[in-house]
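Here is what each chain is made of, one letter per residue.
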Amino acid sequence: MNSEETTVAGQLSPEQRRIGVYVCHCGGNISDYVDVQRVVDAIKDEPGVIVARDTIFACADATQENMEEDIHQYGLDGLVVASCSPKLHTVTFRGVAKRAGINPYQYTQVNIREQDSWTHGDNPEGATHKAISLVKAGIARTRLTTPLEPLVVETTQKALVVGGGITGLRAAIGLADVGLEVFLVEKEQELGGWVGRFGTMYPHDRRGSELIAGLVGEVRRRSSITVFTNAELMAKSGSFGNYVAAIRVNSDLPELIHVEVGSIVVATGFDTYQPEAGEYGYGIDGVVTLPEFKALIDASSGPLVHHGRPVKTIAYIYCVGSRQPGANEYCSRYCCAATAHAALQVSGLDRGVHQYHLYRDIRTYGKYELMYTDSRKNGSVYMKFPEDTPPSVARTDGGQLTVTTHDTLTGGEELTIPADLVVLVTGMVPRKNEELMGLLKLPVGTDGFFNEIHPKLRPVETVVDGVLIAGACQGPKNSTESVAAGLAAVTQSAAILKKGFAELDPQVAEVNAAACTWCEKCIDACPYSAIEKAEVAGRTVAAISPSTCKGCGGCVPVCPEDAIDLRGYTDAQIRAVIDTMLEEPVA
Amino acid sequence: MDYDVLVVGSGIGGMESALKLGDMGYKVLVVEKEASVGGRMILLSKVFPTLDCASCISTPKMAATIHHPNLTVMTYSEVKGIRRDADGHFRASVKRKARYVDEVACTGCQQCETACTVAVPDQFNADLVARRAAYIAFPQAVPKKAVIDRQGSSPCTFACPAGIEAHGYVSLIRSGEYEKAHRLVLDATPLVGSLGRACYAPCESDCTRGSLEGTLPIRRLKRFISDRHVESGEDLGIEVAEPNGRRVAVVGSGPAGLTAAWQLARKGYTVKIYEAAPEPGGFLRLAIPSYRLPVEVVERDIQNVRDLGVEIATSSPVRDLAALKSEGYDAVLVATGTPRSTGLGVPGEDRMGVLAATDFLRRIKLGETVDLAGKRVVVVGGGNVAMDASRVARRMGAASVTVAYRRSRAEMPAHHVEADDAEKEGVQFAFQVAPVEVTGDAAGAVNGLRCVRMALGEPDASGRRSPTPISGSEHVIGCDVIIAAIGMTPDTAAFASQIGVERRGTLRADPKTLQTDVPYVFAAGDVVNGATDITRAVGEGRRAAHMIDRWLTGGILDGFDLRLPVVDKQQVLARQKVYTLRPATPEAVTLEAAPRDFREVEAPLSETEARAAAGRCMDCAVCSGCHECVSACPVDGCIDLQARDTELDVEVGAVVVSTGYKLFAADLKPQYGFGQYRNVITGMQMDRLLAPTRPFNTILRPSDGKVPERIAYILCTGSRDETVNNPLCSKFCCMYSIKQNQLIMGALPLAEVTVHYMDIRAAGKRYDEFYEQSKSMGATYVKGRVAKITEKENGDLILRYEDIENGGQLVDAEYDLVVLAVGVQPNRDAAMLFPEEQLAEDKYFYVAEPDEDLNPGVTSIPGVFVAGTAAGAKDIVDSILHAGAAAAQVAAHLERTQANVKVPA
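Sequence lines, in order, name chains A and B.
For the first sequence, my numbering assigns the number 4 to the initial residue and increments by one for each residue that follows.
For the second sequence, my numbering assigns the number 469 to the initial residue and increments by one for each residue that follows.
Do not rely on the hints blindly, as some may be mistaken.
Computed list of lysine-lysine pairs in DSS-like fashion (alpha-carbon distance at most 27 Å, straight line) [what the hints assert, rightly or not]:
no.	chain 1	residue 1	chain 2	residue 2
1	A	Lys502	B	Lys1311
2	A	Lys502	A	Lys101
3	A	Lys380	B	Lys1311
4	A	Lys380	B	Lys495
Computed spacing ranges between beta-carbons, pair by pair [said to hold, decoys possible]:
no.	chain 1	residue 1	chain 2	residue 2	range
5	A	Pro50	B	Gly1083	48 to 58 Å
6	B	Glu1305	A	Glu258	53 to 63 Å
7	B	Glu1282	A	Asp125	53 to 63 Å
8	B	Ile1266	A	Asn126	34 to 44 Å
9	A	Pro127	B	Asp1029	54 to 64 Å
10	A	Lys101	B	Gln1306	23 to 33 Å
11	A	Ala216	B	Met469	33 to 43 Å
12	B	Glu1305	A	Ala216	25 to 35 Å
13	A	Gly78	B	Gln1306	38 to 48 Å
14	A	Glu18	B	Met469	34 to 44 Å
Simulated from the structure, these hints should not be mistaken for lab results.
C-beta atoms are modelled at their ideal positions from N, C-alpha and C, and glycine is treated no differently.
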């Protein structure tokens, strides 16, 4: 499509548009660097601009109301808000447009904060010039906007849960309890994951295996939950609200089971850090990881015995595999409290055991602090080792296992502790899950765990609509926190699905069938398999499914015939933006 | 059922639960006690570890909350009690606190805020700066609507029988708005100058400042604005309604009559006052001596009334009320006071030389001479009139003046200041004596007063001890003149055939409506109540005008006294830990032992004194009632100071308790000096200093505004600390401190940031990386708890601690600013929500989750759920997850219990 064609008969020419422009101070986030008043003055006479204002907080409710008033009073048909990243407020201002009767897609968000004021704090003059340029470009784009309507699709009142650990099980029950039909896929033969193998756990001293048994019983009681064990998710197709999941049950069977679901809750959990041989003496008899130690405790009903030898002295070395520069840099969050809890269990089994905790920071946050305090009251000794001099573990010629460390708390002198058992307090690592990541197209963070859409406010949502992450697959968590996250994913699913329909973004690619020659280049460019062959007026052309297309624009530049355009970001609009920016020399 | 779910509290947890339940199609009522939704997050600078601007990511949620079609939001409202029905539903009582601003009409223009004359600590800026009594919570408030913070009536205003907004005019004087202050008093009465001198100021007796260095001179402040007004020559500047065609006759021109006439005239009535005396003003003009109340002051006040077109006919006694009616008056007010002195009632009282006090005072005020030169005068009585008479007698040259009173000094009804002043002017007192006979010489002139001594018995109904004569104690006080000041009575004989008159001559009128037996006749003031004082008479006059207006406009005779309950002075005093005492206003009365003239004895306040005095006002009720907001508001009727709290009962299917947490009160760690050392601030205060809506445009320290170069943090202030009964970790203080460290290093590149910590608890996604980043940016983290802080004279602070990582020696380190990383305390309001059923708390008073392992968000009461920090310390993301879990629990509960009442989305 080119710019002449956008001015279709009966529609206003771009210069006749009635656009309102709002330039935000963002408290001082923008106006500390950008001269907002100058920006307003510079753009207020641009063609099509009817209202131009500055505002302290464009997002404030009162400002939104003022915008709505302007839209009514001046009969505006386009809106430009120059403030922060579109990631923050696109939905906000689309809402303003919609409430005031403008098509939400005739609004343009111009980012003069992340892409201007915050970046050019050292050059206010340049930042102001850039802001003027960006706002003019936004106005140019808005002049060429056309009303777009979201595609409304009915949603499937079913959900898929991937992972049958405590998070997935609790989520499945929660989903069923809000009236959704649930499919639960578990890779292993048995449901329950890590927690199912644990004995007594913190914070409430309940046995993991019993918690899981209770949940499995609840799952079984609900006819709306279908459980597939020994099963894997193999493929996902369809679009938000109506995904089709292909599940392979029992790797020997060739047949895939296809289920339609509206949302997918990924609760694939974690792995524990496995130390390298020799890492803090790992491999020496008597050096165990925290899960191995937990198993030893769970199996004991009296004083601990390891490999036939009574355990009278234990040294714990914290942060093994966590907070390691150049390796796993993250904190595993759950291990400090888990270790304090284990130490209390040991004291319960045998009051005579000496326990030495070699730590960097004890992170028994919140109410878990009480376990740390109790463990000290029960005789545990805590020693802080300097970051740059970690403890070392050795077995002497005489066969004695020793840990050598420096205790900052008592003057930093080197101490050698003879120990019967050395527990490496190992943390959580992300599961190796490339296939699932690939088929769900879920991004992972630098730590290797799945990434949420916003770490503060949207912790279970992902960039893929309707695909949610819960529990330790998103980042280290204990079981209580994982259950909460699982239920939060239930809420998110219900919030999406219970209203019965979903609105899909109309800013998708479309094919000008007259120009298409079916060269198939676009097919390869589409990561979402949204393009198919179609017959139009006797010609073979490409057709793009608006519900599958994500509007990534990947197909647009590869088309040799310029036959594909992205609605909302048409070639004409992009050209107008570029032309405008070239007019305005950036200082 | 009214709503599926009630969400109590609209912090991040409450909003998340409510929004998600709304998305699911449930009807949700959100009740928030503050004037805006948003809780604490909206007040933060940025959030860790992303350094997103907290307000930027809060505002969409706040806007979504208020605009969601399934959510009803009540801000500035409190849930008073939730009761569970037999059917498992809940009945909640919601108090909608009066905003005094029409939430729909308010445009958020903030003109009321600009006009408001009261400043109080701004809780939304962690008390770093002030906000107004009329205020919008913060710039991004949702809804962006003003409220007026009225915590009741201020004690001074509440105490005033005249109904004058004492606090209001004091706060206007503080703002330099003397004319406006004058107009505010005029709103109640025209007698500003008279009250500024002759009122006994019950407001001052109740002034909260009296428990500190001394009461405000509220009466003299009124005199100040009256004098200023006269000097300025300005018009009265008050609003007067168009004439409404109705006429009212007022009989009597004392304070009650003048005030009633003034009020009626302002409402558009045509008013005529009939006065029996040759001069108008009643006791103001004809009794109170000029050294207390100069004649010209009274005349000026009376002129105010005349300026409104009120006609005053003097020497015009009224005997026939019906005649007034037939003359065309629609209503008549009788306010003739108590002009007659009670006689002594003892033999010889008609001897020459026995005077009635009221006659005596009146003759003096009318300029007649009463020759007392060289005479011995006895004044009988112990009231204010007795004091006036005795002091006037001194001025008329009496050789001696003795006040004879039958009880002791403590029981004297006269204002103690009057008695003291009389004594200073040479008046002598004979207590516990009662007259038995006036003795005289052959010519019939007085030569003595025979008295009997009195013993004081048990207190009587009035609380005063009743005197009984002691037999055989009779004696004669030699004297030439006796002035009887033992009481005053009305002169109402003429009305006895027309309206009800009581035995003692007072008129019978309904105490609330002031209406007499004859509907068109109202009676007010001392003629109804017997002798009282000016302020009561003024109050009665106002009431009478209000009731007459109601009666003539066909309204119900009510709605006069709309005062809010008086605030508790102890609570006012408890708002602040430490008070700086300021010099009290010195007395300015000059008395001579032998006064010879009638010059005013009290000096006026200078402007400087007046401003300083008004500046001591503690704004007890916060809103002063100055009405500046009402004048400033561009929307007519939007601000209504007569609005009152309302209660609303709702039935809901489930309850989410998201009442959040309280921050640790840092002054509970006295060794850190918070509240005492000005440069010791809390983490929340630092967050405000760094926020986009920060109160100053930089980080500065409170004592001198210096930009700090050495900043220290003390983590775990009030957390992990058995000495303050909080062994728990608060979870987020390490992280918010690290966030602030980075923001400070960004804002003040040269500042050194040092953090004194126990353990750095960076447990969470990307938290430890954030901590490492902070270290690499240059912040220093020092292991060990700080023992104490001392303050240097220049405001710098010395932290003493054991330097664990460097050999353990004691170190004194000096800083410009210290930030206490205060943590979380439970908000015990949560448990109060359920008066009939116990909402279980854990050992540390957070809402308990009995099955937290598998059912987070579920409480001990079926159908009641908890979201966020009400259940324990959480950072934002954990609150979001917890609130999400709570919403899932609510939805499951509703599906289970009421599957059929759900509203489609």
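Hint check results:
1. In summary, the hint linking Lys502/A to Lys1311/B is not supported, as the alpha carbons are separated by about 41 Å, beyond the 27 Å threshold.
2. Between Lys502/A and Lys101/A the CA atoms are separated by roughly 19 Å; this keeps the pair inside 27 Å, and the hint holds.
3. Using a Cα cut-off of 27 Å, the hinted pair Lys380/A and Lys1311/B holds, with the two alpha carbons roughly 19 Å apart.
4. Of the supplied pair hints, the one linking Lys380/A and Lys495/B is violated, its CA atoms being roughly 50 Å apart against a limit of 27 Å.
5. The hinted window of 48 to 58 Å between Pro50/A and Gly1083/B holds, with their beta carbons roughly 57 Å apart.
6. Hint check: Glu1305/B to Glu258/A, Cβ distance near 55 Å, so the stated range 53 to 63 Å holds.
7. Checking the proposed 53 to 63 Å range against Glu1282/B and Asp125/A shows it is violated: the Cβ atoms sit about 32 Å from each other.
8. One distance hint, 34 to 44 Å for the beta-carbon pair Ile1266/B and Asn126/A, holds here, with the actual separation near 41 Å.
9. Between Pro127/A and Asp1029/B, the C-beta spacing of about 59 Å keeps the proposed range 54 to 64 Å intact.
10. Range check, Lys101/A to Gln1306/B: Cβ separation about 46 Å, and the 23 to 33 Å hint is violated.
11. A beta carbon spacing of about 37 Å between Ala216/A and Met469/B agrees with the range 33 to 43 Å that was offered as a hint.
12. Between Glu1305/B and Ala216/A the C-beta distance comes to about 32 Å, which sits within the given range of 25 to 35 Å.
13. Restraint check, Gly78/A to Gln1306/B: a C-beta distance of roughly 59 Å breaks the suggested window 38 to 48 Å.
14. Checking the proposed 34 to 44 Å range against Glu18/A and Met469/B shows it is violated: the Cβ atoms sit about 55 Å from each other.
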